[in-house]
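Given next are the chains, with one letter for each unit.
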Amino acid sequence: MAAQPQKQPHRSGGSDDADQADQSQLKANPQATQRAEELDSLLDEIDTVLETNAEEFVKGFVQKGGE
Amino acid sequence: MDRRVYGVETEFGITHRPTAGRGLPPDELARYLFRPVVDFGRSSNIFIPNGARLYLDVGSHPEYATAECADLIDLIAQDRAGEAIMHDLAVEAERRIAADGFTGQIWVLKNNVDSAGNSYGSHENYLIPRTTHFRRLSGILLPFLVTRQILVGAGRVVPSDDQRPAHYAFSQRADHMWEGISSATTRSRPIINTRDEPHADAAAHRRLHVIVGDSNMSTTTSLLRYGSTDLVLRMIEAGVPIGDFELENPIGAIRHISHDITARAEVRIRGGETMTAVQIQRGLFERAQRFVREHGAHHDHVETVLELWERTLTAVETGEHALIDRDIDWAIKKRLVEDVANARGLGYDHPRLEQLDMAYHDVNPERGLFHLLVRRGRATDILSAEHVRQAMMTPPRTRAAVRGEFLSTARAFGAEATVDWVHHKLVDRPLEAVMVKDPFAPEDARVEALLDKLGDRRTQLREVSAEERRRSGVCPALTDRYVLVSGGTTEDPPVI
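Protein chains in written order, with the numbering used here: chain A, 34 to 100; chain B, 1481 to 1976.
Some hints here could point you the wrong way.
Straight-line C-alpha distance at most 20 Å; calculated EDC-like pairs for lysine to aspartate or glutamate [unchecked claim]:
(1) 1933(B) - 1923(B)
(2) 1917(B) - 1551(B)
(3) 97(A) - 1936(B)
(4) 1917(B) - 1900(B)
(5) 92(A) - 1641(B)
(6) 1917(B) - 1507(B)
(7) 1905(B) - 1918(B)
(8) 1917(B) - 1681(B)
(9) 1917(B) - 1943(B)
(10) 92(A) - 1681(B)
(11) 1917(B) - 1676(B)
(12) 1905(B) - 1537(B)
(13) 1905(B) - 1947(B)
(14) 1917(B) - 1537(B)
(15) 97(A) - 1551(B)
(16) 97(A) - 1507(B)
(17) 92(A) - 1507(B)
(18) 92(A) - 1829(B)
(19) 97(A) - 1537(B)
(20) 1933(B) - 1918(B)
(21) 1933(B) - 1908(B)
(22) 1905(B) - 1928(B)
(23) 1933(B) - 1912(B)
(24) 1917(B) - 1936(B)
Which residues of chain A face chain B? A few of them, derived with a C-beta cut under 7 Å, are [what the hints assert, rightly or not]:
(25) 67
(26) 76
(27) 98
Covered stretches of chain A (in silico footprint by chain B; criterion: 3 or more residues with CB under 8 Å from a CB of chain B, positions within the stretch not fixed) [unchecked claim]:
(28) 78-85
(29) 88-96
What the hints contain is simulated information worked out from the structure, not anything from laboratory work.
By construction, the Cβ of each residue, glycine as well, lies at the ideal position given by its N, Cα and C atoms.
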C-alpha cells in the first residue's frame, strides 16, 4: 500500500558505517547479512522477469521518435 | 494563480518479444494494442469517460493525455491511470496475438529513449494567466527547467560513444533538447514550447507547454516535479524578485549537467559567473521557501514538496544518494543498477544494465522493475492502488467532469457525440454545440440542458457500479458509466 516519502535517511552513513565495519571484524553483522539476503532475493526475482539475453532485448527495442 | 489547471501527456514505447525471431513492428503492435480503443470509440483517437484522451502518436507511440486536473494528487493519479490502461491493453493484445498465432510478451515502457537514440516525450501543461510577462517567465523558468533534472530526472544508463565511456546520467531527455524556446515539437525540440492553444478563454489564460521532462515512475518524484514547477510559476506570477540565473547556453548546460552524476558540472550564467545546478536550484528553493512563508501554503502538499526539494538538493550536493534512493526516480534506479552491477561484476557498458534501465519503466505491475521495488520497500508510492483504479473511471472535479458526463450520457442514449478539450457536440444537433471555456468548471448548465434533450436521465439511466465496470470489459477505463434501463428512443443500441 501507499507509503509516505521517507523523512530520514534509512541507511546510516559516515561514522556508523565505520563502527559497523569494526564490529564485523569480530562477528558477522546481522543487519548486513539481512541486507545481503534481501539483495540476493531481489536479484533472483529480477532474473525471473527479465529476458536472459539482455543485448537482444535492448537492440530489439527500436521505435521512431514521437512528440 | 492560487488554483491552476495541470495536465501531462505521456508517450509510451512499445516492443514485442516473441520466443524466437523478430517481434512485430511498432505500427502493427500499436494496432493490436489499440483494438479495444477502436472497439469502444470507433477511432484510435478518443476521449474516454475519465476525461482523458487516448491516441496513437507519430511513430506509433501510444499516447495518454490526462484530463485537466486542479490538484496535484489528482494529476498523478490520472497519469498513473494511463499506465494502468496501457497495461490492460497490453494484456488483451497478448491474448489477441496469441490467437493469431504469434508468441511472446508485449512491453509497454513509460520511458523516453529507445536503444537507437530515438526520443519521445512527457509533456507538462500548466495554465498561466495571460498577463504573465513571457520574457520574465522564460528568464526564470528556463534555468529552473535545465537544472530540475537533478531533482526529478528518471536516470539513464548511457552506453559509451566516441566522446564518453558508458555511465549513469540524471536525465533521459537532456540529450534530446535542441532549443530553449520554440513553437515546434517534432522538428526542433525546445524545452518550452510556445504553441499557444490555451483550451480556455484566450483573453485570460495561456497554456504553458513544457516538453523537457522525463517520464516519472515514482509518484513521489512526480509530486516534486509538478509541485516545484508550480511554486516557481507562482513566484513568477506574483512578480517577486527571483535573482538572475539566466544561462548563457541552456542546451549546452542541460547536457553538461545530466552527464555528471556528481553534480559538480559548472554552467555559465549570462554575465560571466559560473554556477552548479545545485547552486541554481538552491537559490530558487530558498526563494520558494521564503515565498511560502510570506504568502502561506496554497495547497495541502506544499510542505511535502519543499521537504523533498530540500532533501534532494542535500543528497545531490553531498553525494549521499541514500537520502533519496526510495523517493527520487534517478536515485532509485541508480541504486538498483549499482547493486546489480556490483553483485554480478558488470561494467556500465554491459547490456544487462541498459535492460534494467528500460525494464524499470515497464508499466506491467507484476513484471515492471519499479513496481517490484515498491513491493520490496525500495521505492515509495504516495498513491494507493484503489486511487488509481478510481482515476481510470472517474474524471477529476474540473471541466473533465463535464466532458465525462457528456460522453457517458450520450453513449448511454446511443446518441453520436464528439468532444475535444473545449467543445461538446451531439452530431444530430450541431447548432447546439457547447463550448466550455472555463477549465475549472466541474459542471455546466448549457451542457446539462443539451443532455436533457436526450431523455429523462434520472429515470432512464442507471449508473453502473465501479465493481461492475471492472468486471465488464478489457479495461475499466473503456467501459460505460451509464446503461439505459427504460423507454429509450434510440435506434442504435449503446456500445458496451
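key: Hints breached by this structure   = 3, 6, 9, 10, 12, 13, 14, 15, 20, 24, 25
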